[in-house]
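Given the sequences, and given the hints that come with them, work out the whole structure.
Residues 1 to 127 in the working numbering are what the sequence shown spells out, letter by letter.
Hint data in this document are derived by calculation from the structure and do not stem from the laboratory.
Here the structure is a predicted model, which means the values were calculated and not measured.
Hints may be right or wrong, so weigh each one.
Once the Cα atoms are required to be at most 20 Å apart in a straight line, the calculated SDA-like pairs of lysine to any residue come out as [stated by the list, open to error]: (1) 21 / 100; (2) 21 / 113; (3) 64 / 52.
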Amino acid sequence: MAEEEESGQDGYTKDGTVDLKGNPILRSKRGGWTACSFVVVYEVFERMAYNGISSNLIIYLTNKLHQGTVKSANNVTNWAGTVWMIPILGAYVADALLGRYWTFLIASAIYLMVCHVTCSLGLMITL
1 MAEEEESGQD GYTKDGTVDL KGNPILRSKR GGWTACSFVV VYEVFERMAY NGISSNLIIY
61 LTNKLHQGTV KSANNVTNWA GTVWMIPILG AYVADALLGR YWTFLIASAI YLMVCHVTCS
121 LGLMITL
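Put into structure tokens, the structure is as follows:
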């Protein structure tokens, strides 16, 4: 029995991970292809949104908001820097405060709400 626990054959993870209720994780019941497909699909949509926004942002800032090219390029650079630095803050929050699952769920909810509000405001402005 002790040999089985030492080699990791009992089915539980050995790195101390627990579920939302504090119970040890059984490898056969968590993660796998379901979790992997969710993360992959989420990342595909996130990359599509980033690339779509970044490719059209200077045109929008110069044509619709009538900013100069220097100011709009500066704003796009600041936006891109913020987008690339926010994961560091998220990593700190996940590791030190909330845990990876709650951080991912809360950040996804905030992201979706911001996207929804932004799209709604964009539609209201164009109408």
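Evaluation of the provided hints:
1. 21 / 100: 14 Å, holds
2. 21 / 113: 27 Å, violated
3. 64 / 52: 17 Å, holds
Hint compliance for this structure: hint 2 alone is broken.
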